[in-house]
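**Student:** As you go down the protein sequences, you meet chains B and R in turn.
Heads up: the first sequence begins at 0 in numbering that gives the first Met the number 0, then just goes up one per residue.
Heads up: the second sequence begins at 0 in numbering that gives the first Met the number 0, then just goes up one per residue.
Be aware that a few hints might be false.
List of simulated lysine to any residue pairs, SDA-like, C-alpha gap at most 20 Å [to be verified]:
#1 R/Lys119 to B/Glu24
#2 R/Lys119 to B/Phe32
#3 R/Lys132 to R/Leu196
#4 R/Lys26 to B/Thr37
#5 R/Lys64 to B/Asp65
#6 R/Lys25 to B/Thr63
Quick list of the computed label-pair ranges, beta carbon to beta carbon [said to hold, decoys possible]:
#7 R/Leu141 to B/Arg97: 58 to 66 Å
#8 B/Glu38 to R/Arg127: 42 to 50 Å
#9 R/Glu123 to B/Thr52: 34 to 42 Å
#10 R/Ile120 to B/Lys115: 56 to 64 Å
#11 R/Glu139 to B/Gln55: 51 to 59 Å
#12 R/Glu139 to B/Lys115: 55 to 63 Å
Hint data in this document are derived by calculation from the structure and do not stem from the laboratory.
Idealized CB from N, CA, C, for every residue including glycine.
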Amino acid sequence: MVQQIYKRFNRSILESHETQFEIQEFKSLYEVFEGSFTEISLLYRTFLERTETQLQEIESSIKTGDKEIFGRIFHDIHGASSNIGLRLITTTLKDMKRDLYKENPDGAIGHLKLLKIALEDLNDWLSKLQERMQP
Amino acid sequence: MKSKKKRIQPVILVFDDNPVITMIVKKALSTLACEIHIAHDLKIARELLESNPPDLILLDVVMPKINGFDFAREARKTLGEHEVSIVFVTNKVSLNDLEFAYDIGAIDYIRKPFDLAELKIRVESALRLIDVKKDMREKEWLSGMQATIGSVVHNFNQPLTAAIFSAQMLERKVKSQEELKVYVDDIHRALKKLKELIAKLEHMDDFTTTEYPQHEDILDLD
């Protein structure tokens with residue numbers, strides 16, 4: 000049953016946003032949440048809202064060069080994004096950190112912009128999810 | 000002697016400032032027979048330590064206001080004699096961090112991102128370990144109780160037997176007032192001894208035992 004729902008779920012919208020997701024991670028998450036669209040979308044919505052605020056703090060820390068604040072927020076977003084299979088966000092975060100630690104704040108800001116786009120894509124995916132799953 | 004104490008469910012405190020992580024952890028552990036409490040900030044975590052003393056804490060390391068290592072030490076202090084096991088769940092994984100975590104008494108260290116099935120297996124294993132420790136403590140307690148009860152029986156038996164014997168003698172053999180006084184004095188002594196033993200038991204906060212051949216260890220009341 001779970002497999003069937005997953006296939007429907009996957010076919011419907013996951014593939015159109017494939018670059019966002021680590022499919023294996025997503026599958027395992029999907030199984031733990033027993034295919035509950037409500038809980039899964041709540042999980043991603045929570046991540047999205049928290050991360051949008053944190054990116055503002057990240058931007059300030061890049062501009063001021065405060066690596067302590069940057070490190071704490073990086074740790075937070077990275078831990079969550081990698082655990083919910085958000086591959087694009089996880090890899091972009093790592094690239095942003097590499098640039099900042101190589102004293103390349105412009106590069107870090109560039110990756111921050113990519114992160115914002117990835118979040119918009121996630122938001123778009125969530126809206127489609129909600130639309131499709133409405134009875 | 001068998002314990003009739005009802006085994007209560009272990010309590011797990013998950014302390015991570017990121018709600019995404021706690022949502023996943025809670026869901027992944029939802030099929031385990033345990034009580035799960037979630038804290039996203041220090042204030043709630045401290046309140047939960049007091050109101051629902053945990054047997055196991057799943058703890059992030061990097062958090063605002065307090066880091067996981069400091070919280071682990073604080074939790075042990077707050078919980079006092081209530082034994083708590085700590086498992087760190089974090090992506091802070093330097094060798095020094097690992098060493099430090101085990102130095103302050105962690106029993107496991109789970110790296111983020113964690114596999115949900117693996118997380119469940121490791122928590123189950125931690126809960127089994129806690130259960131074994133509880134069993135051992137219970138056996139120690141039962142053994143202490145056995146010694147106490149053995150001692151009470153042993154110590155109370157002597158003056159009681161003496162009192163009963165004297166009462167029987169009174170009933171059967173007393174012919175004069177002098178003889179009566181001897182037996183009544185014996186009964187008084189025996190009853191006084193019983194009273195002293197009861198007073199000692201009431202105020203006992205530490206005990207030592209003496210090993211008697213062919214017997215369980217017997218508590219020293221003298």
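**Student:** Confirm or reject each hint.
**Tutor:** Hint by hint, here is what the structure shows:
This hinted pair checks out: R/Lys119 and B/Glu24 have alpha carbons roughly 15 Å apart, not beyond 20 Å. A threshold of 20 Å between alpha carbons decides the hint, and for R/Lys119 with B/Phe32 the separation of about 14 Å falls inside it, so the pair holds. A hinted pair counts as satisfied when its Cα atoms are at most 20 Å apart, and R/Lys132 with R/Leu196 does not qualify at roughly 34 Å. Under the criterion of a C-alpha separation no larger than 20 Å, the hint pairing R/Lys26 with B/Thr37 is consistent with the structure, at around 13 Å.
At most 20 Å may separate the alpha-carbon atoms for a hinted pair to count; R/Lys64 and B/Asp65 meet this at roughly 17 Å. With a C-alpha separation of about 37 Å, the suggested pairing of R/Lys25 with B/Thr63 is violated against the 20 Å cut-off. Checked against the hint of 58 to 66 Å, the pair R/Leu141 and B/Arg97 passes, with Cβ atoms roughly 59 Å apart. Evaluation of the 42 to 50 Å hint for B/Glu38 and R/Arg127 yields a failure: the beta carbon distance comes to about 28 Å.
Our hint of 34 to 42 Å for R/Glu123 and B/Thr52 holds, since their Cβ atoms are close to 35 Å apart. Between R/Ile120 and B/Lys115, the C-beta spacing of about 37 Å breaks the proposed range 56 to 64 Å. Judged by the Cβ atoms, the range 51 to 59 Å given for R/Glu139 and B/Gln55 holds: they are separated by roughly 55 Å. With their beta carbons about 59 Å apart, R/Glu139 and B/Lys115 fall inside the hinted range of 55 to 63 Å.
This entry does not satisfy hints 3, 6, 8 and 10, going by the numbered hints stated previously.
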